[in-house]
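Chains as they are written, first to last, in this note's numbering: chain A, 10 to 223; chain B, 932 to 1406.
It should be emphasised that the hints constitute simulated quantities derived from the structure, not laboratory data.
Yeah, the Cβ is synthetic: ideal placement off N, Cα and C, and Gly gets one too.
A portion of the hints provided could be inaccurate.
[What the hints assert, rightly or not] So the derived list for chain A, only partly shown, Cβ under 7 Å to chain B, looks like this:
no.: 1; residue: Leu71
no.: 2; residue: Leu76
no.: 3; residue: Glu208
[Said to hold, decoys possible] Every beta carbon over 10 Å from chain B, so not counted as near; a handful from chain A, in silico:
no.: 4; residue: Glu89
no.: 5; residue: Val93
no.: 6; residue: Ala99
no.: 7; residue: Asp133
no.: 8; residue: Leu180
no.: 9; residue: Lys182
no.: 10; residue: Trp197
no.: 11; residue: Ile201
no.: 12; residue: Arg218
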Amino acid sequence: MTGEEILAEVMNAVIEGEEELAEKWVQEAINQQIDPLEVLNNGLTKGIEIVGKKFADGYYFLPDMLLGAKAMERGIGLLEPLLVGEKRKAAGKVIMGTVEGDLHEIGKNIVVMMLKTAGYQVNDLGVDVPAARFVEAVRAEKPQVVGISALLTTTIARQQEIIELLIEEGLRKEVKVIVGGAPINQRWADEIGADGYAEDAMRAVDLVRNLLKN
Amino acid sequence: MKRFQLLEEEEIKTIHEATLEILEKIGIRCKSEKFREVLADNGCKVEGEWVKFPPEVVERFLQKVPAEFKLYGRDGKTVLEIGKKHAYAQNCSGTPRVVDLDTGERREYVLQDLADMTRLIDALPNIHIVSCGVPTDVEEQVYMVVEIATMLRNTMKPVRLPIESAAEMKYICELLSLLAGSMEQFRQKPFLYLEVSPLSPLDYAREPADLIIALAEEGIPVGIIPCPMMGATGPMTLIGSVAQHNAEIVAGVVAAEMVNPGVPVMMSPRVTFMDMRSGLGLWAAPETGLAGVCSAQLANYYNIPVSVSGYSAAAQVADQQSGYERCYNALLNALVGVDVLAAAGALDNCLTQCYVQLVLDDEISSMVRSTFRKLDVAPETLAVDVVAEVISTKGSFLGHKHTRKYLRAGELWMPPVGSRLSFNEWAETKETIEDRARSKAKEILQSERTPVLDPQVEAEMDRIIETARKELTAA
Chain A
10 MTGEEILAEV MNAVIEGEEE LAEKWVQEAI NQQIDPLEVL NNGLTKGIEI
60 VGKKFADGYY FLPDMLLGAK AMERGIGLLE PLLVGEKRKA AGKVIMGTVE
110 GDLHEIGKNI VVMMLKTAGY QVNDLGVDVP AARFVEAVRA EKPQVVGISA
160 LLTTTIARQQ EIIELLIEEG LRKEVKVIVG GAPINQRWAD EIGADGYAED
210 AMRAVDLVRN LLKN
Chain B
932 MKRFQLLEEE EIKTIHEATL EILEKIGIRC KSEKFREVLA DNGCKVEGEW
982 VKFPPEVVER FLQKVPAEFK LYGRDGKTVL EIGKKHAYAQ NCSGTPRVVD
1032 LDTGERREYV LQDLADMTRL IDALPNIHIV SCGVPTDVEE QVYMVVEIAT
1082 MLRNTMKPVR LPIESAAEMK YICELLSLLA GSMEQFRQKP FLYLEVSPLS
1132 PLDYAREPAD LIIALAEEGI PVGIIPCPMM GATGPMTLIG SVAQHNAEIV
1182 AGVVAAEMVN PGVPVMMSPR VTFMDMRSGL GLWAAPETGL AGVCSAQLAN
1232 YYNIPVSVSG YSAAAQVADQ QSGYERCYNA LLNALVGVDV LAAAGALDNC
1282 LTQCYVQLVL DDEISSMVRS TFRKLDVAPE TLAVDVVAEV ISTKGSFLGH
1332 KHTRKYLRAG ELWMPPVGSR LSFNEWAETK ETIEDRARSK AKEILQSERT
1382 PVLDPQVEAE MDRIIETARK ELTAA
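Build out the structure end to end from the sequences listed, making use of the hints.
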């Protein structure tokens, strides 16, 4: 098999959302000494871009996206040790998390996946994340965007606390803050001084893209 | 799936006994000597214009009706299993008016509307049988022939229409033979059924009576569709009207089986109601559905295919009222078990046909019929191991292949034109479902399409119509 054919298999594994196949073909590429950066860019990333396009065109649904992203990540897991020192091509870096006291994450996870599919590097802090951890992560990882999720009307106030803590720590100007969750709307986002809000995952990607343009 | 039953089995039997009593003691009035002869030859008692049915005669001939028959599409693929209670949708017949697709105004229904609506239905997957309105620009003498030809020219789907003139039968059979090869081939794979409408109460006028004989002789599937109005041409109790109505239908069914034992028959009960202020016939009260259910339970008790009015509305425009009226009556009857839900596209108590409503009824039909999807109760669908896997890996079902598999298999019904957008996304255009249905109808009618029939067949059809026109006008 030629290198090109192997990369095509890697890409197809992602398009079809087949984790095992992604692993198999990425391993094959590694065995064949194909440049890991090329496997990433011309195999996995190319595949996930097609997944994103199929979703935008209405042929794919959320489970297809998620399975595609999982397949891509499985491949990246194999490539990562070989990519040390190499600069991964990413559209931007985003940190995401659900606030302290809130365990709801399905919406946040969908946004994470959509961002990854759109080529962003995302660090998901998980659920029940204290304000201090958001701030630490912003300081340590220097993302361009931090996304704060909350579902409960009793926990949305945490979003405001995190923004206030970022201001206190002098980090607010370093990072764009976006907020989301079922009870959130644009008025709330404006009120607490967030940079943006989107009502669904597709729009969240547009929002991040626009924030990074400015 | 367990079927819903409104009446207890004992109650069904009691209505059946009342039916037998009506036919035995009152009988039916019939002006056709030929019809009276057929009935007399098979054990009925003729007293002047009235024919009385001994119960054992009724029971004997009800046994001869096929529990199932098939209606075929001329595409070589479509097969409708009539008798299996699939709740196929059929559009409305008898409408003299139509809501214009461009202006939204009501106007006369013309032959071009029949062509356009047939073509529209041809592209709507959830409307299965094509029927016709009452075009106001066709000569009376060749009405049925022209209607049938127009429908056959615009669709491969099975076709149905009410038939009123026995004189046209010869030419109708010529059309059927032309397309099928011969009447024998048509009988083997019928792509049309015709319905006969006697008068209520209990009156078989000459034309419907003679037509039952003619259709049965030709082996064309025949529907019996009287339309009594509760409180006017039937008693002012729902059950009383159902019983009288059942007697009217059973008389026709029995007669058809006497002429040709085993001929496919459809019972088409249509108990309607009179508005007691205006005198209007009401076709879409909840009682329409309830009466339909009672009649359908009787037909199911006899094991005879049945059609009811499911998609009719009293509403004058396609709106929320027309939506709830048809949804209630269609679903109610589908749950009990009927073969055909008629009157798709109808508004204004079945007096007006509407393109937009037809597109919406395609959607309602899709939803109603999705009720009968097979809900497998099996390890694969119970998915206990999937639950365990998702929990143990702290993942979500969204990222499991089981989710993708069943999403693709259609586990979630998707509305063909209905909107599930979020408010803000919807607010970008503020399109209503009626707007989208209108656009879809226009798109279908404006699209390029290869002709349904070969030019030679078209020409032969023209010739049959021309001959019918000459011969019937001369007569």
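Could you tell me which of the hints above the structure violates, numbers in ascending order? Hints that this structure does not satisfy do not exist here, as all of them hold.
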